[in-house]
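There are 2 protein chains.
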Amino acid sequence: MDDDEKLVGVISLRSLIVWPDEAKVADVMDTNLITVTPSDDQEDVARLMADYNFVSIPVVVKDHLVGTITVDDIVDVIDEEAAEDYSRLAGVDVVTLEENPFKSAAKRLPWLVGLIFLGMGTASVINNFEGLVSQASILAVFISLITGTAGNAGTQSLAVSVRRLALKETSSLIKMLMTEVLIGAMIGATAGLTIFLVVWIWKANMLLGVAVGLAMGVAILVANVAGSFIPLVMDKIGVDPAVASGPFISTLSDLTSVIIYFNIAGLFISHFVSA
Amino acid sequence: MDDDEKLVGVISLRSLIVWPDEAKVADVMDTNLITVTPSDDQEDVARLMADYNFVSIPVVVKDHLVGTITVDDIVDVIDEEAAEDYSRLAGVDVVTLEENPFKSAAKRLPWLVGLIFLGMGTASVINNFEGLVSQASILAVFISLITGTAGNAGTQSLAVSVRRLALKETSSLIKMLMTEVLIGAMIGATAGLTIFLVVWIWKANMLLGVAVGLAMGVAILVANVAGSFIPLVMDKIGVDPAVASGPFISTLSDLTSVIIYFNIAGLFISHFVSA
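Chains L and Z are the protein sequences, given in the same order.
In terms of this note's numbering, the first sequence has 400 at position 263, counting the first letter as 1, and numbering is strictly consecutive.
In terms of this note's numbering, the second sequence has 365 at position 228, counting the first letter as 1, and numbering is strictly consecutive.
Chain L on its own, in the form it takes in the complex (with noise of 0.2 Å):
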C-alpha cells in the first residue's frame, strides 16, 4: 500500500520464504499488478486465473485492496460453470442434482412441455403436407431420419459455439457464420450424397434419393448455420444464451427441416406417387 492506502505490489507466498533477511518489501514485491473488481462475472476471473497459473489475485475498487480470491475458490467455479453449460446443453439444470423423483420430474417438464408446442409448429407442418404424404407415403419414412440427423449436426454445432463462448475464443461475427455456412455445406454435402445413395438402391427410385438427399443436405446446412448462430448473436447481443438449449435447436431444427423437406418432395412428387 502506499501512503493513499492504494495497492502497488503483490508479494508471493514464496518469495516471502526465499527473500534475504536484509530486503524490504519495495525490493521484493511485483508491481506489475494483474487485478479484478468485486463486479467481474466470476467465470472471467476463473479464466484469468487458470490462464496465468495464479494462486490467488487481488480485488480493487478504485486501487484500494479489498479482499482477494484464491485458486481453491476458483476450481468450484469452474465447475459449476462448465454444469451450467452442460445444463443447457441438455436442457435440464444438472448443477443441482434432485434426490426427490417427483420434485426431478418437475424441474425437467417445463423445457419438454414448452418444447412441445415448438414440436406442434412441426406438426402443423407436415399437416399443411397431408396430401402429399397421402399421395405419397413413402415420404413419411424419411421423416425422422431428416429431422434426426438435422438436429444432431445443429447440436453438435450449437456446443461448439457454447465452448468458444466459454473460452473467449470468438472472433467476428461475420468470419464465424461464413465458417459455420462452410462447414455446414461440407457436411450437409456429405451426408446428402450417402443418403442419396442408400434411397436410391433400397428403394430402386433414383429421384426418390434425389429428394431426400438434398432434403437433408439443405436441412443440415440450416441446422448447422442456426446452432452456431443463435448462442453467438445472443451473446453479442448481451443475452444469456441459456435459452439455445440442444433440445430447443432440435426441435427447431425440426421444423426447419420439415419444411425444407416436404417443398423439395413436392416438386417431384409425380415421380413417387404410392402404387
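The hints are all genuine.
Straight-line C-alpha distance at most 25 Å; calculated DMTMM-like pairs for lysine to aspartate or glutamate:
{"#": "1", "chain 1": "Z", "residue 1": "Lys312", "chain 2": "L", "residue 2": "Glu236"}
{"#": "2", "chain 1": "Z", "residue 1": "Lys312", "chain 2": "L", "residue 2": "Asp230"}
{"#": "3", "chain 1": "L", "residue 1": "Lys244", "chain 2": "Z", "residue 2": "Glu306"}
{"#": "4", "chain 1": "L", "residue 1": "Lys373", "chain 2": "L", "residue 2": "Asp188"}
{"#": "5", "chain 1": "Z", "residue 1": "Lys305", "chain 2": "L", "residue 2": "Glu235"}
{"#": "6", "chain 1": "Z", "residue 1": "Lys305", "chain 2": "L", "residue 2": "Glu217"}
{"#": "7", "chain 1": "Z", "residue 1": "Lys305", "chain 2": "L", "residue 2": "Asp230"}
{"#": "8", "chain 1": "L", "residue 1": "Lys305", "chain 2": "L", "residue 2": "Asp213"}
Hint data in this document are derived by calculation from the structure and do not stem from the laboratory.
Using the hints, position chain Z against chain L.
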C-alpha cells in the same frame, strides 16, 4: 521423510511462516496424510483436491514421495474433463477446437454418418408400417413430435446420469433405475396427457388423441430409462460411456419411439382412416 525415506508428514507453506523459530519439523507437520499414486485417474485427484480445498497433494509410490500435484494443475484438469463430458453430450469433440473448417467438418462427420445408419433402422421400421400411413396419412403428422419429445427427455436423463457419474453420486443400480422409471412415468404421463388434449381439440378425434398421447407417454418413459440406464450400466461394467452420447440416445430413441407409435396407432387404425 523417516530413516527409510518414507513420507511421514506434510507442512503447509503458511505454517512454515508462522511457526516459532524453536519448533521442530515434527511439531508442525501434519501426519494425517492424504496422498495419491501415479496411476490414479486425474479426474479423481482433481475431485479430491476440490473437495478438501487442498493447494497441493503428495504423489507417493509405496509410501515414497515421487512428486506433488498443485491446485493450478487441477484447474486445467477439471476444465478439460468438463469439456470431455460436454463433447460426449453433443457428439462432437470440443476439447480441441478446430480452426480449419475442413478439419472441423471431418471431425463432426463420423458421428453423423454413423447415426444416419442407425436412423435408417428407424426409416425401415416406418417403411414396414407404410400400409398404415397410406390408410391414415394423419399418422405422419405426429412422427417428429413424438420422436423429438422422447429424444429431448432421453437427453435430459442422460445428462443427469452423466453428471451423477462425474460427481461419483451413484447409489445402487436397481434403485437408480427404479427412480428413473418413476420420473419417466410422471413426465410421460404429463406430456402424454397434454398432447392427448391438444390433438383431441385440434383434430376433433378423441381416439387419435388417445393413440398419439399414449404413444408419446410410453416413448418418453422408454427414452428416459434408456438415457439414464445406458451410461450407468456402461460405467458399472467398466466401459467408458463415451458412445452413449446425446445424439446417440436421441437417434436410438427415434427408433424405439416409432416402433411404439405405429404399434399403438395400429390398434386404433379403424378410427382414423383418411376420408
